[in-house]
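K.L.:
Using the sequences and the accompanying hints, generate a full structural model.
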Amino acid sequence: MVRMSAEERRESVIRAATTEFARGGYYGTSTEAIAKRVGVSQPYLFRLFPGKKALFLAVVQRCMDDLVQLFEEAGEGLEGEEAHHEIGNAYTRVISERPEQLLMQMQMYVAVAAAEQAGDRELGEAVRSGWMRLWDTVHLPLGAEVEETTTFMAYGMLINCLVAMGFPPDHRVWEGLSPAALTDRGKRKP
Numbered sequence: 001m002v003r004m005s006a007e008e009r010r011e012s013v014i015r016a017a018t019t020e021f022a023r024g025g026y027y028g029t030s031t032e033a034i035a036k037r038v039g040v041s042q043p044y045l046f047r048l049f050p051g052k053k054a055l056f057l058a059v060v061q062r063c064m065d066d067l068v069q070l071f072e073e074a075g076e077g078l079e080g081e082e083a084h085h086e087i088g089n090a091y092t093r094v095i096s097e098r099p100e101q102l103l104m105q106m107q108m109y110v111a112v113a114a115a116e117q118a119g120d121r122e123l124g125e126a127v128r129s130g131w132m133r134l135w136d137t138v139h140l141p142l143g144a145e146v147e148e149t150t151t152f153m154a155y156g157m158l159i160n161c162l163v164a165m166g167f168p169p170d171h172r173v174w175e176g177l178s179p180a181a182l183t184d185r186g187k188r189k190p
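So for the sequence shown, the UniProt record's numbering puts the first residue at 1; every next one is plus one.
Since the hints were made in silico from the structure, they are not lab data. Everything numeric in this text was worked out from a predicted model, so none of it was measured. Glycine included, each C-beta is placed from N, C-alpha and C at the ideal position. Watch out, some of these pointers could steer you wrong.
Unchecked claim - Derived Cβ-Cβ restraints for the label pairs, each shown as a range: (1) 135 <-> 15: 35 to 43 Å; (2) 5 <-> 46: 16 to 24 Å; (3) 120 <-> 176: 34 to 42 Å; (4) 8 <-> 135: 26 to 34 Å; (5) 118 <-> 42: 22 to 30 Å; (6) 151 <-> 5: 17 to 25 Å; (7) 122 <-> 3: 31 to 39 Å; (8) 125 <-> 8: 24 to 32 Å; (9) 144 <-> 99: 46 to 54 Å; (10) 118 <-> 173: 27 to 35 Å; (11) 89 <-> 176: 17 to 25 Å; (12) 125 <-> 11: 19 to 27 Å; (13) 151 <-> 8: 39 to 47 Å; (14) 173 <-> 54: 35 to 43 Å.
P.N.:
What follows is the structure, given as structure tokens:
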């Protein structure tokens, strides 16, 4: 049996924590469940991450890094409507193929609201910083127009909510979305 390096184990913990936090949120997920999922002890988990909050922040960072990379790759060399379409399609594929990506985002926003109500601004600062990186990543390819970027991000958040609530692709709530929210086959995206 080949032993994992500390970095490989850390990556394994981040993947497991993403799944667990996506399902149960920050407050509803125990470090015990994360350790069990990855197959390590809690003390070992705390050698890799000093606490649950540090682990959640690492997952937030990974989630945002993955989205920024996705947006950069999808929009590379494109501008305007073409960039809008490709970035939107790439994002839709990711949330369809990897639902934990969408659920983790939704959990991040909920955790920020709860943490800030309790006086903790660190989670919010991390999530807002990641959100601004997403904004900046799409802003230039979409034409550097604030209104266009705002509309794009707003549609993305609406799609996040509709998908998270489980509205089927043919439900009437999708009717108001722009043609960019349609697949190439003329059907609504999931």
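K.L.:
Given a hint of 27 to 35 Å, does the C-beta separation of residue 118 and residue 173 actually sit inside it?
P.N.:
holds (33 Å)
K.L.:
Can you tell me whether the CB distance of residue 122 to residue 3 sits inside 31 to 39 Å?
P.N.:
For residue 122 and residue 3 the Cβ distance comes to about 34 Å; the hint holds.
K.L.:
Quick check: does the Cβ-Cβ distance between residue 173 and residue 54 fall within 35 to 43 Å?
P.N.:
holds (38 Å)
K.L.:
Looking only at beta-carbon atoms, does the pair residue 151, residue 5 fall within the given range of 17 to 25 Å?
P.N.:
violated (44 Å)
K.L.:
Can the suggested window of 39 to 47 Å be confirmed for the beta-carbon pair residue 151 and residue 8?
P.N.:
At 41 Å between Cβs, range holds.
K.L.:
If I claimed the Cβ atoms of residue 5 and residue 46 lie 16 to 24 Å apart, would that claim hold in this structure?
P.N.:
18 Å Cβ-Cβ, so the 16 to 24 Å window holds.
K.L.:
Could you check the hint for me, namely that residue 135 and residue 15 are 35 to 43 Å apart, CB to CB?
P.N.:
About 26 Å separates the Cβ atoms of residue 135 and residue 15, which means 35 to 43 Å is violated.
K.L.:
Holds or violated: the 17 to 25 Å window for the beta-carbon distance between residue 89 and residue 176?
P.N.:
holds (19 Å)
K.L.:
Can you tell me whether the CB distance of residue 8 to residue 135 sits inside 26 to 34 Å?
P.N.:
holds (33 Å)
K.L.:
Holds or violated: 19 to 27 Å for the Cβ distance of residue 125 and residue 11?
P.N.:
Given range 19 to 27 Å: holds, Cβ gap about 24 Å.
K.L.:
Can the suggested window of 22 to 30 Å be confirmed for the beta-carbon pair residue 118 and residue 42?
P.N.:
holds (24 Å)
K.L.:
Taking 46 to 54 Å as the stated bounds, is the beta-carbon spacing between residue 144 and residue 99 within them?
P.N.:
This hint is violated: roughly 32 Å between Cβ atoms.
Going down the numbered hints, you'll see the structure goes against 1, 6, 9, while the others check out.
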